[in-house]
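Peer 1: Each chain is listed here by its residues.
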Amino acid sequence: MSAARVAVVQFPGVNCEAETERALSRAGLEVEVFRWTRAPRELAAFDAYVLPGGFSWQDRVRAGALAAKDPMLDELAARAADGAPVLGICNGAQVLVEAGLVPGAGNTVRRGAARSAGAEDESVQVALARNRMPERTGYHTRWVWCRVEDTPCVFTRGLEPGTLLPLPVAHGEGRFASAKKGRVESLVAAGQAPLLYSRADGAIADSFPDNPNGSEAAAAALCNARGNVLALMPHPERAATLGQVSRSIGGAWGARRDRALAAGDGSAFGDGPGMAFFHGLAAHFGAPA
Amino acid sequence: MSADGRSLAQAFIELLAEDPEAESALAIARGRLAAGRRLGGLRRVRVFELAGALPSRAQVEELLHRSTRFYNPAKERCTVRAAEREPVPFKPEEALVLVLDRGLERRPAGERWWKHETGEKVEVREGTVWALAFEPGEDAAARAGELAEVKDRRHGLFANPHFQDWRAGEGAHPPWPWLERPRKRAKEDRP
Chain Z
-9 MSAARVAVVQ FPGVNCEAET ERALSRAGLE VEVFRWTRAP RELAAFDAYV
41 LPGGFSWQDR VRAGALAAKD PMLDELAARA ADGAPVLGIC NGAQVLVEAG
91 LVPGAGNTVR RGAARSAGAE DESVQVALAR NRMPERTGYH TRWVWCRVED
141 TPCVFTRGLE PGTLLPLPVA HGEGRFASAK KGRVESLVAA GQAPLLYSRA
191 DGAIADSFPD NPNGSEAAAA ALCNARGNVL ALMPHPERAA TLGQVSRSIG
241 GAWGARRDRA LAAGDGSAFG DGPGMAFFHG LAAHFGAPA
Chain E
171 MSADGRSLAQ AFIELLAEDP EAESALAIAR GRLAAGRRLG GLRRVRVFEL
221 AGALPSRAQV EELLHRSTRF YNPAKERCTV RAAEREPVPF KPEEALVLVL
271 DRGLERRPAG ERWWKHETGE KVEVREGTVW ALAFEPGEDA AARAGELAEV
321 KDRRHGLFAN PHFQDWRAGE GAHPPWPWLE RPRKRAKEDR P
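Chains Z and E, in that order, are what the protein sequence lines are.
So the first sequence is numbered by the working numbering: it starts at -9 and just counts up by one.
So the second sequence is numbered by the working numbering: it starts at 171 and just counts up by one.
Bear in mind the hints are in silico, worked out from the structure with no lab data behind them.
Since this is a predicted model, take the numbers as computed values, not measurements.
Certain hints may be false.
Derived list of chain Z stretches under chain E, where covered just means 3 residues or more per stretch with a C-beta under 8 angstroms from a C-beta of chain E [stated by the list, open to error]: (1) 147 to 160; (2) 220 to 229.
Simulated restraints, written as ranges between beta carbons of each label pair [as the list claims (entries may be wrong)]: (3) E:325 <-> Z:142: 25 to 31 angstroms; (4) E:188 <-> Z:15: 39 to 45 angstroms; (5) E:188 <-> Z:5: 22 to 28 angstroms; (6) Z:257 <-> E:285: 53 to 59 angstroms; (7) E:306 <-> Z:180: 47 to 53 angstroms; (8) E:342 <-> Z:147: 54 to 60 angstroms; (9) Z:191 <-> E:200: 50 to 56 angstroms; (10) Z:72 <-> E:204: 23 to 29 angstroms.
Just so it is clear, CB atoms sit at the ideal spot from N, CA and C, and this is done for glycine as well.
With the rest of the complex left out, here is chain E (with noise of 0.2 angstroms):
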């Protein structure tokens, strides 16, 4: 349940198969820059937050796997956390990503279905998460701090802060909610 009394569900999506994008950037980021030379595996994982009256957890993950507008099942593998203490597919050790479109996070054709489909209205939302496994010893928060955001050709890499934002998490508790959480970037951190 999010702070305004609706139902909040957070469905995390992987692909089955090895995922190029991360290899590429797992290659990038220890190849070319600082933070990321101690970069030990790197994750990409889809998340999609619904918010509005959702029906049971099990009608959720029917749903989404019925639905082409969340995830392709045979391609696909999803995860949905229907309450806060529900397990989440990061290992605790892993830093996290959130990279959102700056006022492109909602999925209106994601929720037209949904309205379609049950006669409810949520709001649907979605940003990819990556998740980043460092040597023991480095100081993951603030090599996924530095890794996040675009500065130059040698800083940064996830996020483009000229339409993106980026949200910091941890594997062994990722926020809840996440995406719908407005965030507030301070004057010095802006470009």
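The shape of chain Z in the complex, shown without the other chains (with noise of 0.2 angstroms):
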């Protein structure tokens, strides 16, 4: 069987398509980068397709905001609209909640209405505002834990819920927000936030430093209710090795970085908590959990 095609989507001022075409790989599938300078409708030949880390368009206006309007997107809500699985990170979840592809179709809010129309309801229904954080502002980075929720999320379907990943965040523009209030709790609800910010126990986390960023209901993920379309704003290409684990990250997975390190026969090179994503999606079109 060959190995699904992914399109690892760049816009100008996207930084994280290299690591993030590694990490897919590494997880056996066929990778591309696809820069936006190509036909959108080429788009059509890919299985899956990864929008990347970094800053599109520079964040002019907003982030995620011009790249959201590109004819691009069009093209990858309809193959969305058709199943196929849609990753953003960070910048590109920004671009997917501003594109509104999440929590898009199917929503919990206008679920009735826009299925019996027929139609697909792409109103923009959130947002990755600004962070807030206690005496501070601006950018922020740092690992922090994630627990994996019950959810029909294509890309963390063969994780257990409960399982808690440490994966780095690193934004300035990271807090799921709604203007309607309970809307991003109403998802949590509905199984369309597939990871949760954590206490290093598995513990919800409610305030920073766990919660980085201020994100309501500790959402640090949300996808559509279908599953195929994620919204992710930790960065998980920067923990596809265990070697990439930080040092402020202990319990097991802590454990598992300082024993490979310490065995110094490239182990550290073996996966990191990162690439459950990237084995989720290749597990998605028939490769072996």
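Got two chains here, separate frames each, mind docking them using the hints?
Peer 2: What follows is the structure, given as structure tokens:
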């Protein structure tokens, strides 16, 4: 069986395409960086899509706002409606949210109306707003714990609910927010939040720094109702190997990192926690889990 | 002077060079959004509003120029409006859209700097003004309103209503004050 083809969609200003490509290849997928100069219709030749992190269009107007209007997003929306997996990481997540693909069609609020009309609901229903942090503003980076929730998400389907993953975040605008009170909570309740920020013991993060940006309902990621489109704020591609796991991380992942580094036999290049998402995508296309 | 007796000043800050952010927004608005098809020009102007016990206009200008908290004089120009009747850097025909990050308009670093330099406590707020010039015959206010608030990929650009507010203005007479005025959001207005 041939590997599924994944397009890593790059807009100008995106800067995580190389490590994203490596992580996907490592999972056994066939990968190609698809730059903004190509015709959007060529995206139809791929089976899945990843929008990597960075600063598309220099975050002009607002993070993700300009890339969200690109004709490539119309093509991605069509492919997503056909069931193709689409993953947005950090700036990619901001693009998907600004484009209305997440939470997208069949969401909990307008599910009935949208489905009965046979229409896709691509209204912008949430934002990735500026971080809210005590005594500081702007860009913030750290390793955080994320707890896997029970959702239909393609990228986390292979993980047991309750699994804890240490992952790095690095953003200035990563706070899931909605003008409608309770909207993000309702998406979490509806099974559209595959990852929640947590403490190291697995309890949901209720404050900074465990919740690094003030995200409503501690949401670290939101997906569409079908589970094939995921807006993910942490960077799994920066946690693709054990050796990349931060020294600030303890627990089982920290112990594995320490053993691998101490062994000095290359085992530090073994799979890190971020690979779960890319293996999840490969498993969706039939690779052994 | 504001309604509560405090002095008020608005500082409008523009890049000296062409603004790539405005250029990109103009291209997207014209090329991708129906309300922007007849948009002929677009400028981005950062605006600070200071309220409190302010010194003279010249001293406000000097303080803003000296601090790194407000603008970079090597790259930007600043126009201070210290009274409602004073000139503003907008054309009368421009429709204005002020965008504010809800709950994050205040600039504590600027307030701390001002207190350190002058001993006075002032409130500092910051927003972004988009100045839109449409082709003749277009209903500028209506089209600016359509471009102001994002609804989906094909409608709206400047403010995401889930964390930003926007307020309209006219180039001939921008509101005074503008940033500190709370905007009431009608229920049917909400997304």
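Peer 1: Evaluate each hint against the coordinates.
Peer 2: Each hint, compared with the structure:
no.: 1; hint: 147 to 160; result: violated (count 0)
no.: 2; hint: 220 to 229; result: violated (count 0)
no.: 3; hint: E:325 <-> Z:142: 25 to 31 angstroms; result: 29 angstroms, holds
no.: 4; hint: E:188 <-> Z:15: 39 to 45 angstroms; result: 40 angstroms, holds
no.: 5; hint: E:188 <-> Z:5: 22 to 28 angstroms; result: 24 angstroms, holds
no.: 6; hint: Z:257 <-> E:285: 53 to 59 angstroms; result: 55 angstroms, holds
no.: 7; hint: E:306 <-> Z:180: 47 to 53 angstroms; result: 49 angstroms, holds
no.: 8; hint: E:342 <-> Z:147: 54 to 60 angstroms; result: 58 angstroms, holds
no.: 9; hint: Z:191 <-> E:200: 50 to 56 angstroms; result: 53 angstroms, holds
no.: 10; hint: Z:72 <-> E:204: 23 to 29 angstroms; result: 27 angstroms, holds
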